[in-house]
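Respectively, the protein sequence lines represent chains A and B.
Taking our numbering, I'd label the letters of the first sequence as residues 48 to 273.
Taking our numbering, I'd label the letters of the second sequence as residues 37 to 478.
Hints were generated in silico from the structure; no laboratory data involved.
One or more hints might be untrue.
[Unchecked claim] In silico SDA-like pairs for lysine to any residue, Cα to Cα no more than 25 Å straight-line:
{"#": "1", "chain 1": "B", "residue 1": "Lys467", "chain 2": "B", "residue 2": "Leu352"}
{"#": "2", "chain 1": "A", "residue 1": "Lys163", "chain 2": "A", "residue 2": "Ser118"}
{"#": "3", "chain 1": "A", "residue 1": "Lys194", "chain 2": "B", "residue 2": "Pro88"}
{"#": "4", "chain 1": "A", "residue 1": "Lys80", "chain 2": "B", "residue 2": "Lys265"}
{"#": "5", "chain 1": "A", "residue 1": "Lys80", "chain 2": "B", "residue 2": "Val349"}
{"#": "6", "chain 1": "A", "residue 1": "Lys80", "chain 2": "B", "residue 2": "Leu352"}
{"#": "7", "chain 1": "B", "residue 1": "Lys467", "chain 2": "B", "residue 2": "Pro133"}
{"#": "8", "chain 1": "B", "residue 1": "Lys265", "chain 2": "B", "residue 2": "Ile72"}
{"#": "9", "chain 1": "A", "residue 1": "Lys120", "chain 2": "A", "residue 2": "Arg214"}
{"#": "10", "chain 1": "A", "residue 1": "Lys134", "chain 2": "B", "residue 2": "Leu87"}
{"#": "11", "chain 1": "A", "residue 1": "Lys194", "chain 2": "B", "residue 2": "Leu87"}
{"#": "12", "chain 1": "A", "residue 1": "Lys163", "chain 2": "A", "residue 2": "Gly235"}
{"#": "13", "chain 1": "A", "residue 1": "Lys194", "chain 2": "A", "residue 2": "Lys236"}
{"#": "14", "chain 1": "B", "residue 1": "Lys82", "chain 2": "A", "residue 2": "Arg71"}
{"#": "15", "chain 1": "A", "residue 1": "Lys134", "chain 2": "A", "residue 2": "Cys107"}
{"#": "16", "chain 1": "A", "residue 1": "Lys80", "chain 2": "B", "residue 2": "Asn99"}
{"#": "17", "chain 1": "A", "residue 1": "Lys120", "chain 2": "A", "residue 2": "Arg71"}
{"#": "18", "chain 1": "A", "residue 1": "Lys134", "chain 2": "B", "residue 2": "Val84"}
{"#": "19", "chain 1": "B", "residue 1": "Lys82", "chain 2": "A", "residue 2": "Val57"}
[As the list claims (entries may be wrong)] Here are the in silico distance ranges between beta carbons for each label pair:
{"#": "20", "chain 1": "B", "residue 1": "Pro376", "chain 2": "A", "residue 2": "Ala150", "range": "29 to 37 Å"}
{"#": "21", "chain 1": "A", "residue 1": "Gln83", "chain 2": "B", "residue 2": "His310", "range": "38 to 46 Å"}
{"#": "22", "chain 1": "B", "residue 1": "Pro376", "chain 2": "A", "residue 2": "Asn49", "range": "36 to 44 Å"}
{"#": "23", "chain 1": "B", "residue 1": "Ala365", "chain 2": "A", "residue 2": "Gly55", "range": "35 to 43 Å"}
{"#": "24", "chain 1": "A", "residue 1": "Leu66", "chain 2": "B", "residue 2": "Arg323", "range": "34 to 42 Å"}
{"#": "25", "chain 1": "A", "residue 1": "Asn54", "chain 2": "B", "residue 2": "Leu311", "range": "57 to 65 Å"}
{"#": "26", "chain 1": "A", "residue 1": "Glu216", "chain 2": "B", "residue 2": "Gly129", "range": "53 to 61 Å"}
[Claimed, not checked] Chain A residues, not near chain B, derived (Cβ > 10 Å throughout):
{"#": "27", "residue": "Lys60"}
{"#": "28", "residue": "Leu66"}
{"#": "29", "residue": "Lys80"}
{"#": "30", "residue": "Glu109"}
{"#": "31", "residue": "Thr131"}
{"#": "32", "residue": "Asp145"}
{"#": "33", "residue": "Ala154"}
{"#": "34", "residue": "Glu155"}
{"#": "35", "residue": "Val167"}
{"#": "36", "residue": "Val244"}
Don't be surprised by glycine CBs; every beta carbon is placed ideally from N, CA and C.
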Amino acid sequence: MNCLLCNGPVAAKLTIRELIWPGRLVMPVVCPKCRQQFMPLEGEQRCPACCRLQDTSQLCPECRCWRQMYSWKLTHQALYCYNTAMKEFMHQYKFAGDYRLRAVFAAEFTAAIRQKRAEVVVPIPVTQATMATRGFNQVTGLLGGVKLTPCFQHRTLEKTAQSHKSRRERLQTPQPVALSGPAADLAGKRVLLVDDVYTTGRTLYHAADLLYQAGAANVISISLAR
Amino acid sequence: MLEDYYGRRVLVGRDEIVPAHVQTLPTITVQTREIICHRCGQRTPKLVAALPNNEYYCPHCINLGRVSTLCKFYHVPEPNQFTISQPVLTWRGRLSPLQVTAAQRVTAGMVAHQRQLLWAVTGAGKTEMIFQGVAACLARGERLAIASPRVDVCLELYPRLQAAFTNTEMALLHGRQSQPYRYAQLTVCTTHQLLRFYHAFDNLIIDEVDAFPYAANPVLFYASQQTSKTQGGQLFLTATPGEYLLNEVRHRRLQVTYLPLRYHGHLLPEIRCHLARHWRRQVQRGRLPTEMWRRLQTSLHQGHRFLLFVPHVADLTTVARACTRHFPATSFTTVHAQDPERLEKVQGMRDQRYSFLITTSILERGVTFPEIDVFVLGADDDIFSSAALVQIAGRAGRSASRPGGHVDFWLTARCRRVSRAMRQIRYMNQKGRCCQRELSAM
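With the hints as constraints, model all of the structure from the sequences given.
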């Protein structure tokens, strides 16, 4: 078995228990050295609403802005810091299109989503053009075995990728998605929005806005990186 | 540009509208359990290669741009549109009589589009020998590629070829480069880049076929088949052909030309093996195996410098410590691949500032120090392939002033890779002796 990221060997160290009771084995897909490069977002020193790392545990200036713009609050959880290793990972997974890499975080991300105990889990969609070239939605790829309600659709066939824009341009992005199909059942539900990377929060706030309009009782969000 | 598609496979989306005169080629064959990528020829289980909605992609050659069932290849058959300006060969060097015979055979083979192997010992001057053949093919308006698994080899070859063929259009392709692709008669590239071509070259030359990381890699041989035209010729250059090539020679699918003598006309130094059962433990206690330090001492007394190879970076410090204890008055240092001062240290060895270097296999090929001895501690380690061992042994005796030199290996146990390396050297020397006799008879 080789590491999905560096292609070096990964040794699976089995515990005595696993050797004696051979149940379902979960083999590591990434070597410890590569795993170490990713920095989990933990501890008190971060914004309670978006998980941004900072010196205090107060609301960060960005989230204060958002609270002024919208009447409701969005609480976001991010699992990892968007550092060089994570950037490299996202590049390889999304832009190079190596769909195997979903296995690196899938188990962990799915567990975090299960913990939220939301009634409806909604992934952020990709455009039809992306679907035709990339062949997969990077968000749903990361979720193994979670029941999803894909109630969003892009309003346009194509768009410039958020990652190619400046911060200002990103914040000025107009509402990119519209509700479709299964949106009717949202009324009164606790909804969890799922994205791959949280950068400015623009996409998630647009999406949450729609969900509240559709009558959702409460919307929270989660992303792999921040 | 239509030119960009000549003899190439260019990835485009499945739904693109095909321009005039352009053919499309399939990307992936989907079988019941596996998929086969048409670019790299690798098979992947469907489970690994799956994308949503019954689409598949090839994870093996993803670094060249993803091949998937969502795309197709554009291709235009190679038209050989080149203008040939004389003289083709602007190289003014001379070949030794031995090189001349080998070069003539290689040229004849290239003109006849044969599959051939030029098996020349380390330090024989392989590159110069192909110039004549390359010139003959270029003059006939053929398209050629010279590829190597290592980028450094390509980077080193390119200026030499540019000087030798000043009037020919040339392109250099490798992964770390940002220049766009250019259609040229002579292409110098890494073997990985070959996967982008399809039935393009009338003659394909692959230098250092056995070098890391593509030693005997099936992808390499698939690429060499795919990129040369159906009637095209192939030429492999190496000092240490691996199992695959030797097998091809045995089955007469590959013409072989030997050059068993170095440019100075002497035989290769042969390997001597010694047993050093627990060398790692001894070294950790700060002591070299007795026989070994006697050997090193003799070399130092006679004023010969040497390279000491160890299997792993971790062994460098312990061996260095043991060496300081045994030879406190001698100046030496250690070198490994991630060493920031690697180049300075190698230069220091050239400038005779060090009496010896302790190193890992990074100095196995491409470096020449005159009049040195070569020692390997732990030669039976998995890290040394038999090709690497032949290359390492080939560091000794490269100068005409001291064509001999000692090559000593210390092993914990007998090992097949070491025996095979010894056998290869002995085989080349046997051929070399015949050559020497012929030469002296002339």
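Now for the hints, and whether the structure bears them out:
1. B:Lys467 to B:Leu352: With a Cα-Cα distance of about 37 Å, the restraint between lysine 467 of chain B and leucine 352 of chain B is violated, given a limit of 25 Å.
2. A:Lys163 to A:Ser118: OK: lysine 163 of chain A and serine 118 of chain A at ~23 Å, within 25 Å.
3. A:Lys194 to B:Pro88: holds, 16 Å
4. A:Lys80 to B:Lys265: Violated. Lysine 80 of chain A to lysine 265 of chain B sits at ~44 Å, over the 25 Å cutoff.
5. A:Lys80 to B:Val349: holds, 17 Å
6. A:Lys80 to B:Leu352: Holds. Lysine 80 of chain A to leucine 352 of chain B sits at ~22 Å (cutoff 25 Å).
7. B:Lys467 to B:Pro133: Given that 25 Å is the threshold and the Cα spacing comes to 16 Å, the pair holds.
8. B:Lys265 to B:Ile72: Between lysine 265 of chain B and isoleucine 72 of chain B the Cα gap is close to 21 Å, so the pair holds against 25 Å.
9. A:Lys120 to A:Arg214: Roughly 22 Å between the alpha carbons, so the hint for lysine 120 of chain A and arginine 214 of chain A holds.
10. A:Lys134 to B:Leu87: holds, 22 Å
11. A:Lys194 to B:Leu87: holds, 19 Å
12. A:Lys163 to A:Gly235: holds, 17 Å
13. A:Lys194 to A:Lys236: holds, 15 Å
14. B:Lys82 to A:Arg71: holds, 22 Å
15. A:Lys134 to A:Cys107: holds, 23 Å
16. A:Lys80 to B:Asn99: Distance ~22 Å between lysine 80 of chain A and asparagine 99 of chain B Cα, so the pair holds.
17. A:Lys120 to A:Arg71: Not satisfied, since the Cα-Cα distance of roughly 41 Å exceeds 25 Å.
18. A:Lys134 to B:Val84: Holds - the C-alpha atoms of valine 84 of chain B and lysine 134 of chain A are around 23 Å apart, at most 25 Å.
19. B:Lys82 to A:Val57: holds, 22 Å
20. B:Pro376 to A:Ala150: 29 to 37 Å: The hint (29 to 37 Å, Cβ to Cβ) holds, given that proline 376 of chain B and alanine 150 of chain A are roughly 35 Å apart.
21. A:Gln83 to B:His310: 38 to 46 Å: Because 41 Å falls inside the window, the suggested range holds.
22. B:Pro376 to A:Asn49: 36 to 44 Å: violated, 28 Å
23. B:Ala365 to A:Gly55: 35 to 43 Å: Holds, at about 41 Å.
24. A:Leu66 to B:Arg323: 34 to 42 Å: Since leucine 66 of chain A and arginine 323 of chain B have Cβ atoms about 39 Å apart, the given range 34 to 42 Å holds.
25. A:Asn54 to B:Leu311: 57 to 65 Å: Cβ of asparagine 54 of chain A to Cβ of leucine 311 of chain B: about 35 Å, so the range 57 to 65 Å is violated.
26. A:Glu216 to B:Gly129: 53 to 61 Å: For glutamate 216 of chain A and glycine 129 of chain B the Cβ distance comes to about 59 Å; the hint holds.
27. Lys60: holds, 20 Å
28. Leu66: Leucine 66 of chain A clear of chain B: closest Cβ-Cβ about 26 Å, beyond 10 Å.
29. Lys80: Label holds. Min Cβ-Cβ 14 Å, cutoff 10 Å.
30. Glu109: It holds; glutamate 109 of chain A is separated from chain B by about 34 Å at its closest Cβ, greater than 10 Å.
31. Thr131: holds, 18 Å
32. Asp145: violated, 5 Å
33. Ala154: holds, 17 Å
34. Glu155: At roughly 21 Å from the nearest Cβ of chain B, glutamate 155 of chain A sits farther out than 10 Å, so the non-interface label holds.
35. Val167: Since the minimum Cβ distance to chain B is about 21 Å, valine 167 of chain A lies beyond 10 Å and the statement holds.
36. Val244: holds, 20 Å
Violation of the numbered hints given earlier is confined to hints 1, 4, 17, 22, 25 and 32; the remaining hints are satisfied by the structure.
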